[in-house]
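Chain R is already provided as a structure; the job is to place chain Y with the ligands on it using the hints.
Here the protein sequences line up with chains R and Y, keeping their order.
The opening position of the first sequence corresponds to residue 67 in the numbering used here, with each subsequent residue numbered one higher.
The opening position of the second sequence corresponds to residue 2 in the numbering used here, with each subsequent residue numbered one higher.
Please keep in mind that the hints were generated in silico from the structure rather than gathered at the bench.
Possibly wrong hints are sitting among the right ones.
Said to hold, decoys possible - Simulated restraints on C-beta separations:
| id | chain 1 | residue 1 | chain 2 | residue 2 | range |
| --- | --- | --- | --- | --- | --- |
| 1 | Y | D40 | R | T271 | 53 to 59 Å |
| 2 | R | Q231 | Y | A226 | 43 to 49 Å |
| 3 | R | E160 | Y | P175 | 35 to 41 Å |
To be verified - Computed footprint of chain Y on chain R, listed as stretches where at least three residues anywhere in the stretch have a Cβ under 8 Å from a Cβ of chain Y:
| id | region |
| --- | --- |
| 4 | 78 to 90 |
| 5 | 101 to 112 |
Where is the CB? At the ideal position from N, CA and C, for every residue including glycine.
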Amino acid sequence: MRDSSRALRLGVCGPVGTGKSSLIALLCRELAGGLGLGVVTNDIYTDEDARFLRSAGVLDPDRIRAVETGACPHTAIRDDITANALAVEELEAEYGDLELVMIESGGDNLTATFSPALVDVQIFVLDVAGGGDVARKGGPGIERADLLVVNKTDLAVHVGVDREQMVADATAAREGRPVVALSRTDRASIDALVSWVRSQLSTHTAGTLVPQDPGPMAPHFHADETGGTLHVHDHDGLHVHEHAHR
Amino acid sequence: MHAHADSLLLLLADARLPVAGHTQSGTLEPALAGGLTVDDVPFFVATRLRTVTRVEAATAVVALHRIRSGLKLDDVERAWAARTPSPAMRATSRTQARALLRLTSRLWPAPAPPVVELVETPHLDRLEDRRPTSRAVALAHAADRAGLSPRSLARLVAYDDVQTVCAAALKLVPLDPAVVTGWVFDALPLVDRLADEVAGLQLPHQIPASGAPQIEAWAQAHATATRRLFSA
Ligand SMILES: Nc1nc2c(ncn2[C@@H]2O[C@H](COP(=O)(O)OP(=O)(O)O)[C@@H](O)[C@H]2O)c(=O)[nH]1
Ligand SMILES: [Mg+2]
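Only chain R is shown next, with the shape it has when bound in the complex (with noise of 0.2 Å):
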């Protein structure tokens, strides 16, 4: 069904500015050389994220294109997808050589993931500004996205947040999926985020590459610290909601 001969389609989402457009101009700027690129931003209001992209000088202008979602931006990604694929699809009819396209995401709230039959590998972004227990309190992108970022580690000590605790408590969610503590300022961290990406590139070209759903918001088990026993609970200081669209 999916066409490994088609460039690899990479979902970055998250909260608003946690950094996705910085991490995608980082990755445009890291990649550029070798790749054929191409960009999708979802922008809320504006073409704000389109623009930043372009004007970073990072990728010819025309590669990036902005979607407007009719203030749906979880609907964009997730339910109905066709004005982000018709664009993906519209970049490919117009650049022979492109292997790689990346679409942010609307800044939408944490329960916000993409659909496999949009991208076919996402990445969720979260900062350490964001609070150092977010990373813990979980949700579907945190949990099952194919990369977790946790950002900006540079402003860890300026915000009182513990980045090993932020990243461990994010790898004990993940259940051994990656993670990548990353900051613009630390190269180490940069070269783990390209190798991933790059990782993935090798198997979407080997044809081996099956998207998974990292799942809409659901109610998980957790154990009770004080009672030691099991309750049901949504999770909580999470806005979960459901969009009725038209």
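Quick look at chain Y with the ligands alone, frame taken from chain R:
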């Protein structure tokens, strides 16, 4: 086993159809930005039905007739484009057509909807005009495969337009959704009338040239706006 045309009409009119309908406001977003108020929305809906949506519905009906008669569609596309002077509106229509064809080619796999070739159109040499299928014609292909009557097709175009504007109103100027559904309800006789009026058209030159310059100007303004929720 084939589905009844009525059931297929319901399917095609359903907002849950994955054709990126959530990205469209039927030009309501720039109209509100241009000074229209909430109270004007029902009049806006009625105006669209008399003008731009009338062009769209008539084009779809004429295209359906030609598809069923085995005739070419290029002059239908040209007639539609000539009556849709806003390049932004034409581009939107063609994007919506691609979304629709993407879906209908799954629902009705063979034969693939014929690609319309535009010949010698020096006045239509803009990039977006090289992607010829308009939404009206794409809908006509779907209607043909679904066995819809011309009247049902026109009703589909008109109804979808009303719902698109009203659903966008709920996002842009939130109100009690029952009030907004009341606007849709009140517009239904206008939908019926439009369907009756265009159902019998067969020739491209019969497509009314009933554009609305103000709506087209808003569509143009929206295409370059930097703050917008909706694609168009
Ligand atoms: N300190 C620091 N700031 C970063 C880093 N990455 C991104 N940022 C900043 O975080 C802010 C939000 O980034 P942006 O990429 O627009 O986030 P988005 O909303 O998720 O796309 C911007 O001001 C970036 O400069 C990082 O590694 N370290
Ligand atoms: Mg961004």
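Do the hints match the structure? See the list:
1. Y:D40 <-> R:T271: 53 to 59 Å: holds, 57 Å
2. R:Q231 <-> Y:A226: 43 to 49 Å: About 45 Å separates the Cβ atoms of R:Q231 and Y:A226, which means 43 to 49 Å holds.
3. R:E160 <-> Y:P175: 35 to 41 Å: Given a distance of about 38 Å, which is inside 35 to 41 Å, the answer is holds.
4. 78 to 90: Violated, because only 0 residues of the region 78 to 90 of chain R bring their Cβ atoms closer than 8 Å to Cβ atoms of chain Y.
5. 101 to 112: holds (count 3)
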